[in-house]
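Starting from the known structure of chain A, arrange chain B on it as the hints suggest.
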Amino acid sequence: MRILYVNNDGAGFADYVNVTEGTTVEQFFTIKMEGREPSDYMIRVNRQPVPKDYVLQDGDRVTITPTKIEGARPALA
Amino acid sequence: MRKENFMKKQKNLIRLSNLLLDSLSEVKKAKLLQIQSVMEDFNIKCSEATKDSSLFCTAIEKGWLTGVENILSRIDRNLNDFSYYLQKFKELVNTDQAALPKFSEIYAELVQIEQEFGEIKFDSDKKTLSVTTEPITLEDIPLGPFEVQLSIGQIAKLYSDTPYGIIALEPNPASSNDSVTHPHVSDERLCEGDGRVAIRSAIEQGRFCDFFTMVVNILQTYNPDSPHISLDDWEGISCYDCGSTVSSDDCYYCEYCNEEYCSECSTYCQKCETTICLGCAYECPNCNVPVCHNCTAKCKKCEETFCKDCLTEEGLCNNCEEQRKENENEEQEQLSAEPKADVAVQPDSVGKTIVHA
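If you're matching them up, the sequences are chains A and B in order.
The first sequence lines up with residues 414 to 490 when you count with the numbering used here.
The second sequence lines up with residues 55 to 411 when you count with the numbering used here.
So here's chain A without its partners, still in its complex pose (with noise of 0.2 Å):
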């Protein structure tokens, strides 16, 4: 099945990616966000916060946004 996943972190992109059927929105982030901790992570299903073990539907969007992103003076030229 097909989801749209939104990726927040770094460069930041919309894809749309193929997951297996009954992956939960926890197993998800482990695959996408490998080493990284959820708690770092504003994660949202179709817009809403849904519980870990949420398993993902054909269609869904997923949202990862960091929740801490460090701002930085430009540089001088």
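Since no wrong hints were added, every one of them can be taken at face value.
Just a few of them, taken from the derived set where beta-carbon distance is under 7 Å, the chain B residues facing chain A: (1) Gln166; (2) His238; (3) Cys245; (4) Gly247; (5) Asp248; (6) Gly249; (7) Val251; (8) Ala252; (9) Ser255; (10) Thr267; (11) Met268; (12) Asn271; (13) Ile272; (14) Thr275; (15) Asn277; (16) Ser280.
Hints were generated in silico from the structure; no laboratory data involved.
In this text, all values refer to a predicted model and were calculated from it rather than measured experimentally.
The beta-carbon is built from N, C-alpha and C at its ideal position, and this holds for glycine as well.
The following block gives chain B in isolation, referenced to the frame of chain A:
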């Protein structure tokens, strides 16, 4: 009444969605125009290559070997430009051209913004869309709530300008600079750092809720490696001379230039005890102590500046005073060495008594 309010709100969201959609169309159009411009540059380079090719053939046919060499060196130069334009053209064409979001998606974004941030503020005159953060405190310093204000009319300039501003609603700016209301905000501009690319992608793709979320997340995070003003120095004052930040208790105000200085860059007049900066202080060449302008005067003879204590009542410096004394002594000596013309000399025999035997 409740229904009327609901309808009004829906109407506003629909109007706002249409405005946002229009501005995203402008972004798309601007990107396409950029491709068009690069494509035109590339076409010009292609035409030049065709022209050179034709000239090259003619020169060979006619046996103009010098001409052939000239054309070859021009082709060599043009090839470098050609590859540059080709690469630029390829990059632009291959850039992920985000499809324009549907109206329903924009509308859903606005509904989500309301859910995440509580309220959405739309100024129909200024055409701005805003959300307000919770009061933000970083490292125990309260910075107050901020309004993230997206200018819908500026979205088209997404890649050349910043289409949004950060307004401190209860500002607690850095004491050394009022325009810095947050370690990563100066003059209402956020330094996006790690979020720069993702923020622009989100706006371009119409993911406005993601945009606001990321901006708010930057505001809630402190990066001590690259702030405009470090939180350690937030409540301090920047020395006007060396720029170092000092607490307000450790800074000194110079009454002459009306600026504030750290202890290293300030001193005090050793005559009247006024605080002065090193730039306004004057070191008396006689006693070598720093004094303020009011406590100095010029020697009436040599016109050099001294502290008032090093000048005599007549307004002379030590050297000039010594010289004056020497001159005076010399004059006296000269006078004492010369015969006194005004002293009456007794003529011979005067006063003598004739003694008769």
